[in-house]
Every structure is written in C-alpha cells, then in structure tokens.
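Colleague: One line per chain: the protein sequences are R and E, in this order. Counting with this note's numbering, you get residues 1 to 282 for the letters of the first sequence. Counting with this note's numbering, you get residues 283 to 540 for the letters of the second sequence.
Among these hints, one or two may not hold up.
Unchecked claim - Computed, partial: chain E to chain R, Cβ under 8 angstroms:
no.	residue
1	R408
2	F527
3	F531
Unchecked claim - Ranges of calculated distance between the beta carbons of each label pair, as one might list FRET restraints:
no.	chain 1	residue 1	chain 2	residue 2	range
4	R	H96	E	R408	33 to 39 angstroms
5	E	R408	R	F155	30 to 36 angstroms
6	E	C302	R	F52	43 to 49 angstroms
7	R	L93	E	D503	39 to 45 angstroms
8	E	D429	R	H96	33 to 39 angstroms
9	R	F186	E	K319	46 to 52 angstroms
10	E	V361	R	Y275	53 to 59 angstroms
11	R	A158	E	D503	30 to 36 angstroms
12	R	L93	E	N322	33 to 39 angstroms
13	R	R49	E	N322	57 to 63 angstroms
14	E	A420	R	A158	31 to 37 angstroms
15	E	E417	R	L90	33 to 39 angstroms
Quick caveat, the hints were computed from the structure, so don't treat them as lab data. Note that the Cβ used here is the ideal one computed from N, Cα and C, for glycine as well.
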Amino acid sequence: MEFWYKLLEILPFEWAKAGQMIFMKNALLSIILLTPIFALLGTMVVNNRMSFFSDALGHGAFTGVAIGGLLGFVQPISSAVVFSIVFAFLIALIKHKSKMASDTVIGVFSSTAIALGIFLATLGGKSFAKLNTYLIGDILSITPKEILLLAVVLFLVAVFWFLVFNKLLIVSVNPSLAGSRGIHTFWYEVIFSCAVAVIVTVSMSWIGLLVINSFLVLPAASARNIAQNQRQYHILALVFSVFSGVAGLILSYYIETATGSTIVIILAIIFFATYFLRKKFA
Amino acid sequence: MKNVYISENSCQKRSCGLCCTKIKKFGVTLGNTVILKDINLHIHCGELTAIIGPNGAGKSTLIKALLGDIPHTGSLEYVQAQKGSFQVPVMGYVPQNLNLDSTSPTSVLDLFLSCRSNFPAWLIRRKKEVEKVKERLAVVKAQHLIDRRLGALSGGELQRVLLALALDPVPDLLLLDEPVSGIDQNGMELFYETVSALRKDYDLTIILVSHDLDMVQRYADRVVLLNHTVLEVGPPDVVLQSQSFYDTFSLTWHKQEK
C-alpha cells in the first residue's frame, strides 16, 4: 500500500499529497481493481442477454446479507456469497428445466429474493437503515484488507476468464452448435452465473446494489455499439469501465456525490455517445 | 469433452464403405407427444443421406437427438473397420436456426479461434492459427469473410462459414440442418456443390435435412422420407417416385398427369 500512496504523490491533486486522504487513495486503487472485472464479465453478460439476470443476482446477494445479519455475523458478506451462489444455481437450473420464458423465471426469483431480504432484515421490528449502505454503497469506506481481497478475486476471475471464455463465446453464438462440439452448455452457464454472483456480492457494499448492474452492462453495451470483433469489444469495454471509474471517483470527490452513481452517469454518457456514433463504425 | 482430432490424411486414406453409422430404434417423446419412434437407419460413409418430410415430421428433432442435444431412446453406433470397435463419432453440425444476434461483435475469426483453442480469442491471436483458419475457410470459398461480423453475413455466407467450422476438426459424421428460407439460389447451389465434394474428399458420412427436393434429386445418394418414423429409404429416384412420397406430400395431381 505504501508504494501505491507514494506513486499517487506525482498526481497534481490536492488529496494525492503524502499523508492525506488515505481513504481516497484506497478507493482509487479499489476502483482500478474492480472496474476491469466488471468490464470482462459484463461483455459476456451482454453477449448472453443476461443483463436482467445479473440484476436478480444482486437481489439474491441482498437476501444473503439479511440472512447473515439474522444469524449474527458481523460481516454478513461471507454468508451472502454462499447464498448468492445457491441462488444463481437455482435460477440457472429452473431456467434450464422449465419451459417458462427466462425473464419470467428471473422476475419471480428476483422479486422473491428482495422481499425475503427485506422481510428478514426487518424481522422483530428492526430498523432497515443499517442495510442502506448495501443499497447505495460507499467506496470510500474500503480498507486495505478489503482491497487485498479484491485483488485476490480479480486474479481468480482473470484465471477463470482465461479458461472458459472461448466456450462461453460459442455457447452465446448458438447453444446447439456448442453442444455438437462437446460443450456442456448448462454447466458453463452455471459456472459463469456463479462468477457473476460472487463478484456482485463481494462488491455490493462499495458500489451499491441499486447501480451495480450498470457496472456490468453499460461498458459492454457501449463497446458493443462500435466494436466489430471480440478484441475491440473487450478492449473498449475495459477502457470505458476503468476511465469512468477513475473519472467518476475523482469527480464525486469534488462535487460531493455518491461515487457509484457518479460513475454510472459517466458510463451512461459514454453509452449514448457511442450509440449516436455507431453508424460511423458499422 | 471431445478432443479427438483426426488428421486430414488419415481421413482420406480411410476407404469408402468401411465405416458405418447405425441408428437403432431411435425414439423421441417430448411431454406426451411422440415426435419420433422406431427409427432404424444404416448409413455408410462417403454417402450423402438426405432426410425429407413434411413440416413437423421431426427432421430437426432427429438431428438434435443424434447430437445428444435432446433425450432419446435407442442407440447410435459408429463402427470403423480399421479400428474395429464401437466408438463415439466426432460430429460436425450446421444448425438450422441461423438467426444469431445481429449486433454481436463476434467476427468469423473470433468464432473459429474460440473453437480451435482454449486461449481467449480476444486476447491471443497466434499467426499460425489465423493461417489455419484461412485454410479452413478456403475449403468453402469463404476466406474473404474472415474479418466480417457474424451478424453482417448473408444467410448463404453464414451457412458456408458454419460448414467450414463443422469441418474443423474433420468429423466422422456431418449433420446439416438446412434452413427453410433466407438463402438465395446461388448460395444454395454453392452449398450443395461444396457438401457433395466434401463427401468424396474426406469420405464423410453426411446427414442432411433438406427442403429442396430438386437439390436432393441432384446431389443425394440416399433419401430418407421421414414422418415421425421412417416411411421410405432408398436412392432419390426410387423414394421420390414412391407411393408414400405422394401420400405424404399430397402430390396427387402429379400422379394423375401420368
């Protein structure tokens, strides 16, 4: 961490000076770690038309937090991770087994999860206020220990991504085609859902449940507007994501707003800019 | 996961008719509807077998059952004379439903690379692999399409690209589910010519679901008339003149003409 703090001193910002605003420096590092993960997973979320699905995963994570709180954990994140993995698996399974449209299945699960979460959190007349941090998120509260956790998760996601990306791409192009090449479509979907579930759950308290899905969907959706192949798609999504993250954090410091939503607004501006420019690249 | 790669040479060396695919007592039931029952077929390699039949006859279902995509009863046996034993054939498949997401930023090269190796297609593009992909595409006269987006291809172009993909690695059994529409006459002609040449070059077993009886007549070695079960099997001339063929397609006017 010391190295990181030293590195930042070359920046011309007031908060970057030595010994000042440690929380800001922590937040900046965590944003730089978080945004690439979201960009990478987001490309596949959009490829597989799962943007509604990833939103539901966030709701499942919230229920997990509520259950963890009920069981008396101080840090309910670990129980939330377990619950959201179970939740992701269940959605994938029912989506696979039933003939119902997938948006209906997701809608059912999503609303059940959020209702159950609120029910459990307020059980016995407790106040909901302590859970607000999960809804809005506070990146400035991140500690060096949590940053280490993030780095580990980033590494795991990168390894995971390296191993399964190609298979997931074929599944997204045509499931039957994937099947004919010996790819077990269902299991790849499950693995991918679980990866998204973990990342959404882990980062929920810093980014905020209400806007977390935009972190996944918007960079990829913007990149998709102008990309012609997977390489451009990924590189653009990464650039958009990291740029918006860093710019949003610094902007939110000066204009005093919630960081998560500031980042999302910048992402949205990029989306509309690329949307109007898309014909030039087609 | 299938990792059985067969080099092209060994395929060409295999002599014709010495391997065969036996479909035994195939049946598919979805819910309470019997879609296929009692399908028995014996297919030699180097043969182009066309499956014809009315809409809803279960043609695509048969292909999907062969792929193992949907549950079925009965068995698929693949016997190769050289190796002598039963084994799981390497399958190539060209899907019927070509309506891919037209906005997807996936190029032809991306698709091939992701099928060929485990290195993420967007991160690593080895020159050697790209050259190989060009060679594969040249087989179906589609090398110029390598950098195009899948969504930007015409129906015929996409079908050829998917055919090239199905031949990489060279399969034992090639399953083609022809789209009902969206392919122009030239594209269709080129497709059939390519498939017909492949059968001879690679000594493949080809099963093709077709909607174009004219093409079937010209290119198929054997025709299977399917309507929930096998009604007729034989050379095109025989099947297309048979009583069941007329009954199935209600071409009574044709008979009266005679």
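Colleague: Decide, hint by hint, whether the structure agrees.
Modeller: So, going through the hints one by one against the coordinates:
For R408(E), the shortest C-beta to C-beta distance to chain R is roughly 13 angstroms, which exceeds 8 angstroms, and the interface hint is violated. The beta carbon of F527(E) comes no nearer than 29 angstroms to any beta carbon in chain R, farther than 8 angstroms, and the hint placing it at the interface is violated. Violation of the interface hint for F531(E) is found here, the shortest Cβ-Cβ separation to chain R being roughly 27 angstroms, above the 8 angstroms cut-off. Here the CB-CB span from H96(R) to R408(E) is close to 35 angstroms, well matched to the stated 33 to 39 angstroms.
Checked against the hint of 30 to 36 angstroms, the C-beta distance between R408(E) and F155(R) comes to roughly 24 angstroms, which is inconsistent with it. Checking the proposed 43 to 49 angstroms range against C302(E) and F52(R) shows it holds: the Cβ atoms sit about 48 angstroms from each other. For the pair L93(R) and D503(E), the beta carbons lie near 44 angstroms from each other, so the given range of 39 to 45 angstroms is met. Between D429(E) and H96(R), the C-beta spacing of about 35 angstroms keeps the proposed range 33 to 39 angstroms intact.
Distance hint check for F186(R) and K319(E): the Cβ-Cβ separation is about 27 angstroms, which falls outside the suggested range of 46 to 52 angstroms. Our hint of 53 to 59 angstroms for V361(E) and Y275(R) holds, since their Cβ atoms are close to 56 angstroms apart. A hinted range of 30 to 36 angstroms for the beta carbons of A158(R) and D503(E) is inconsistent with their spacing of about 51 angstroms. Here the CB-CB span from L93(R) to N322(E) is close to 35 angstroms, well matched to the stated 33 to 39 angstroms.
Between R49(R) and N322(E) the beta carbon distance is about 40 angstroms. The supplied range of 57 to 63 angstroms is therefore violated. Our hint of 31 to 37 angstroms for A420(E) and A158(R) holds, since their Cβ atoms are close to 35 angstroms apart. In this structure the supplied range 33 to 39 angstroms is violated for E417(E) paired with L90(R), their Cβ-Cβ distance being about 45 angstroms.
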